[in-house]
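Asks: Got chain A; can you put chain B on it based on the hints?
Respectively, the protein sequence lines represent chains A and B. Heads up: the first sequence at position 105 corresponds to 104 in numbering that gives the first Met the number 0, and the numbers run straight through without jumps. Heads up: the second sequence at position 358 corresponds to 357 in numbering that gives the first Met the number 0, and the numbers run straight through without jumps.
The set of hints was computed from the structure by calculation and includes no laboratory data. Careful: at least some of the hints might be erroneous.
Okay, derived cross-link-like pairs now, DSS-like style, lysine-lysine, Cα gap no bigger than 25 Å in a straight line [claimed, not checked]: (1) B:K8 / A:K275; (2) A:K480 / B:K8; (3) A:K240 / A:K275.
Every beta carbon over 10 Å from chain A, so not counted as near; a handful from chain B, in silico [claimed, not checked]: (4) V13; (5) E104; (6) G297.
Nothing here was measured: the structure is a model prediction, and the numbers come from that model. Just so it is clear, CB atoms sit at the ideal spot from N, CA and C, and this is done for glycine as well.
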Amino acid sequence: MHQVTVVRRNSYFDSVTLMSIGSEIKGREGVEEAVVSMATELNKEILLNVGLATEETDAAGPNDFVVAVRAASKEACDAAVEAVDERLTRKDKGAGEREVVCRTVRQAAAEGFGDVAVLSVPGRYAAREAMLAMRQGLHVMMFSDNVSIEDERRLKEYAAAHGLLMMGPDCGTAAINGVGLCFANKVRPGRIGLVAASGTGLQEVMVQIDRMGGGVSQAIGTGGRDLKEAVGGIMMLEGVKALAADEGTDVIVLVSKPPAESVSARILGLLEMLGKPAVVCFLEGDASIAVPSHVHVRDNLFDAAVAAVALSRGEEVPEAGSTELDETMRAAAAEAHAKLRASQRNLRAFFCGGTLCAEAVFLLRSRLDALRSNVSHRPGEEMGGSEARVGNVLLDMGDDEFTNGRPHPMIEPALRNDIIVEQGSDPTVGVVLLDFELGFGSHDDPVGQTLPAIRAARAAAAEGGRELAFVGYVCATEGDKQGLAAQTALLEQEGVIVARSNREAALLAASIL
Amino acid sequence: MSINDLFGKDLGFVNIGAPNFMEDLALQGQRVTQLAWQPPTMAPALLEALDALADDEEVRAANEEAASRIMAAQTRLVGLAPAREVVPGMTENTILHAGPPISWEDMCGTMQGAVVGALLYEGRAGDERQARELAASGEIEFAPCHEHGAVGPMAGIVSPSMPVHIVENQIHGTTAYCTVNEGLGKVLRFGAFDESVIERLKWIEREFAPAMDKAVRELGGIDTKAIIAQAVQMGDECHNRNKAATSLLFKEVAPALLECGVPLDAAKRVMRFMSANEHYFLNLSMPSCKCALDAVSGIPNSTVLTAMSRNGVEFGIRVSGLGDRWFTGPANLVDGLLFPGFSPEDANPDLGDSAITETMGIGGFAMGASPAIVQFVGGSVADAMRYTESMREITVAENAGFSLPPMNFRGTATGIDMVKVLESGVLPVINTGIAHKVPGIGQVGAGIVNPPIECFERALEAFADARAN
Numbered sequence: 000m001h002q003v004t005v006v007r008r009n010s011y012f013d014s015v016t017l018m019s020i021g022s023e024i025k026g027r028e029g030v031e032e033a034v035v036s037m038a039t040e041l042n043k044e045i046l047l048n049v050g051l052a053t054e055e056t057d058a059a060g061p062n063d064f065v066v067a068v069r070a071a072s073k074e075a076c077d078a079a080v081e082a083v084d085e086r087l088t089r090k091d092k093g094a095g096e097r098e099v100v101c102r103t104v105r106q107a108a109a110e111g112f113g114d115v116a117v118l119s120v121p122g123r124y125a126a127r128e129a130m131l132a133m134r135q136g137l138h139v140m141m142f143s144d145n146v147s148i149e150d151e152r153r154l155k156e157y158a159a160a161h162g163l164l165m166m167g168p169d170c171g172t173a174a175i176n177g178v179g180l181c182f183a184n185k186v187r188p189g190r191i192g193l194v195a196a197s198g199t200g201l202q203e204v205m206v207q208i209d210r211m212g213g214g215v216s217q218a219i220g221t222g223g224r225d226l227k228e229a230v231g232g233i234m235m236l237e238g239v240k241a242l243a244a245d246e247g248t249d250v251i252v253l254v255s256k257p258p259a260e261s262v263s264a265r266i267l268g269l270l271e272m273l274g275k276p277a278v279v280c281f282l283e284g285d286a287s288i289a290v291p292s293h294v295h296v297r298d299n300l301f302d303a304a305v306a307a308v309a310l311s312r313g314e315e316v317p318e319a320g321s322t323e324l325d326e327t328m329r330a331a332a333a334e335a336h337a338k339l340r341a342s343q344r345n346l347r348a349f350f351c352g353g354t355l356c357a358e359a360v361f362l363l364r365s366r367l368d369a370l371r372s373n374v375s376h377r378p379g380e381e382m383g384g385s386e387a388r389v390g391n392v393l394l395d396m397g398d399d400e401f402t403n404g405r406p407h408p409m410i411e412p413a414l415r416n417d418i419i420v421e422q423g424s425d426p427t428v429g430v431v432l433l434d435f436e437l438g439f440g441s442h443d444d445p446v447g448q449t450l451p452a453i454r455a456a457r458a459a460a461a462e463g464g465r466e467l468a469f470v471g472y473v474c475a476t477e478g479d480k481q482g483l484a485a486q487t488a489l490l491e492q493e494g495v496i497v498a499r500s501n502r503e504a505a506l507l508a509a510s511i512l
Numbered sequence: 000m001s002i003n004d005l006f007g008k009d010l011g012f013v014n015i016g017a018p019n020f021m022e023d024l025a026l027q028g029q030r031v032t033q034l035a036w037q038p039p040t041m042a043p044a045l046l047e048a049l050d051a052l053a054d055d056e057e058v059r060a061a062n063e064e065a066a067s068r069i070m071a072a073q074t075r076l077v078g079l080a081p082a083r084e085v086v087p088g089m090t091e092n093t094i095l096h097a098g099p100p101i102s103w104e105d106m107c108g109t110m111q112g113a114v115v116g117a118l119l120y121e122g123r124a125g126d127e128r129q130a131r132e133l134a135a136s137g138e139i140e141f142a143p144c145h146e147h148g149a150v151g152p153m154a155g156i157v158s159p160s161m162p163v164h165i166v167e168n169q170i171h172g173t174t175a176y177c178t179v180n181e182g183l184g185k186v187l188r189f190g191a192f193d194e195s196v197i198e199r200l201k202w203i204e205r206e207f208a209p210a211m212d213k214a215v216r217e218l219g220g221i222d223t224k225a226i227i228a229q230a231v232q233m234g235d236e237c238h239n240r241n242k243a244a245t246s247l248l249f250k251e252v253a254p255a256l257l258e259c260g261v262p263l264d265a266a267k268r269v270m271r272f273m274s275a276n277e278h279y280f281l282n283l284s285m286p287s288c289k290c291a292l293d294a295v296s297g298i299p300n301s302t303v304l305t306a307m308s309r310n311g312v313e314f315g316i317r318v319s320g321l322g323d324r325w326f327t328g329p330a331n332l333v334d335g336l337l338f339p340g341f342s343p344e345d346a347n348p349d350l351g352d353s354a355i356t357e358t359m360g361i362g363g364f365a366m367g368a369s370p371a372i373v374q375f376v377g378g379s380v381a382d383a384m385r386y387t388e389s390m391r392e393i394t395v396a397e398n399a400g401f402s403l404p405p406m407n408f409r410g411t412a413t414g415i416d417m418v419k420v421l422e423s424g425v426l427p428v429i430n431t432g433i434a435h436k437v438p439g440i441g442q443v444g445a446g447i448v449n450p451p452i453e454c455f456e457r458a459l460e461a462f463a464d465a466r467a468n
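Just chain A, with the same shape it has in the complex (with noise of 0.2 Å):
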């Protein structure tokens, strides 16, 4: 054992400064016993205890700084007491900016943080908080899903009876003021405000919106289980209420599966009342409801963008547009029917957007046989995604199904890869749809996760002789993040026919075949 003892006259360090250095001198390698102190009797008397004092120390006074060191070798007695010199001199690290953390909703509202509250927690957690976020007078977009119904309910009621939004459970997307909330485009501000009930069914609203050279300026979401009966509407007859007495809103937008009879009811007989110009998107829905004459109804997202747009400029409103398609795509089309085998004659179409897929099988119901869908109710129409694929599939990747403890396919595209490259191998396969959202949200390169995949069913494919036709849509607009231009050209390049509206993919589809 060596012993290393230095005294320092007149040398006065804090003594928590001291402890702190000396502790960590004290687990230094080696080292067996450390005492950096000043001289005081206290000090005096430990290191008496620890058998370092020597003639010097104890000669030494308050004022003295002592580094006393027993370790297995003078090299490392000398290491200690220069780390110790080095531990004095070092310069602060810790002096940077630093953030207020809250943990409570609370908390962020008492510092004035918030306004709204994002909620993505796990389900089971989501209405507590949601509910404590509505008391601090927040207005609350709930990502999470797995919320009970009882309790959205209850989440709405408490919201409309305090003047707050309660976007949830399971709002995929809306924009507050421009500002996108989880999925969300980035679209040109102005006077169409919109209510929905549908995640991407809303983002491909705007999208439409923003291509034909109009602009937003709010979108809701609800959550898809608002027009049931059960929650009854009500954060959509809210929406409603707010667009209708918003100044910057022009024209509403309402977009939805077909709601609840009684529900619908009480949204055409508000949408009556308040008298502003409206678009009433019901996905699917009977297009000839009788509605009050500013009222226009629409049974596809396309068409009710094209309406809302000409309501918008004060242009009178086109009739629903006509599904043909123009001349480019009719073209490109039968280029590729021409590519295709006999034996080719299948549709296979793997959608991220929930919404997307279910416009496209209703779109595709009736140019299709046999088609099957995991977002159909229909007898013999409905599948479940894990069945085999066989004949004209339309599938939501999103579903729970395939989601099940993994990212949505927005945020993660690639969960779609492996069941991309298997339509490679099956001779009845003729066309793959795919679409891609971009936006706030999203992933970085959700194309460039996919053209992997495209290429390796094309190569499939190949080895049976066969050409693999693929369609595209792009859900963005050009102020996107990730650049539509560039995920467009990427997929062009890899000769996927893109679309430019989630109708025309599908119908574009349908007519390769």
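Replies: For chain B alone, coordinates are given in the frame of chain A:
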């Protein structure tokens, strides 16, 4: 409130959950706060009780009242006197101790040592064996300091002959008592009871306290709140660091000691004793906090803490709306630095009434302005500021009376709300000394410690019961 209020407004967002949603809001140039969210671990029934209290208007109003009383308190050292003369309910057989109630058998070694010392000091026993027999005989009535208007650091032992500081809350009429700090090393509060300890206690009784009392009365009392407020601006947090406060006190007392008719050599000894003990003021900081917080006890529906205290075995809290009841859980070990020559096995669990300072909103709650203390936690000044900032999450108000220069002069977080503690999972941060578990060895280190969450859960159950009936 209306949905339309949102439209056209510059919005702030609070993201609770997936951080990528926060990132994309930030990308859009929005003000967004990511919550450090943790799933609640409480039983559903408790959680329901908690939520019911959290936004209750009566509770909110009661807590505001509690916080405003804490902040309004004006505390003054008015004199010193033997405990038997002033401490309520003090009999010749009473021995007060720190923390929630505990029997002789259950006391930790440090506290038992201090009891032995007190019995020797009182002349009730001739040696340690006799003292232990007497303590175990049932003749001695042990009681928490807190139940007699007193507070004591570490073992917190108060016996009838011990002089106590008398601190009055002049706004609310409450009074609190605390012994004279003996200094560091072998001292009673760390369980030491050898001859030097007893001698010092006798000297304090015989010479120090009468002289100090005279000087204080000569001054017409000393404003302890003003000293705390200044000291906090000078780098003390008035729990583990009292250098500035003791100096300020000394500055006031010294001239009076020389002028009040105390013999010069006695005055010299008194001044030397004070100047050698930089923790002197702790025993004034504590009763100042105590008499401020006693004014808050028993406000119906208030969930604000009026005491946090430890007896070396259990940690106990008291909650305003629940009066004098204790809610306890096992005392934690202190996380900190040990003096050279000691190991973690030597440390006694958390001990002493001194967490009354944190209950008041100083101590750990003011650590961000006490940079010299922060290395006890092995951290940086920024860590200390974070600790202090995080206390805002569990408190009702900020005390402008104790403003912290490095934190932009924001007041200390004041009025610990047990509901907020349970809601956030953030526990009060307490700066504290570490006692050796063998009596008489003394302080072996210092560090920070938290109360056990059980105290708060038990208090919540009691609160829910009380409101149900």
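Asks: Hint by hint, work out which the structure violates, then give me just those numbers in ascending order.
Replies: The structure conflicts with hint 4 only, although it agrees with all the remaining ones.
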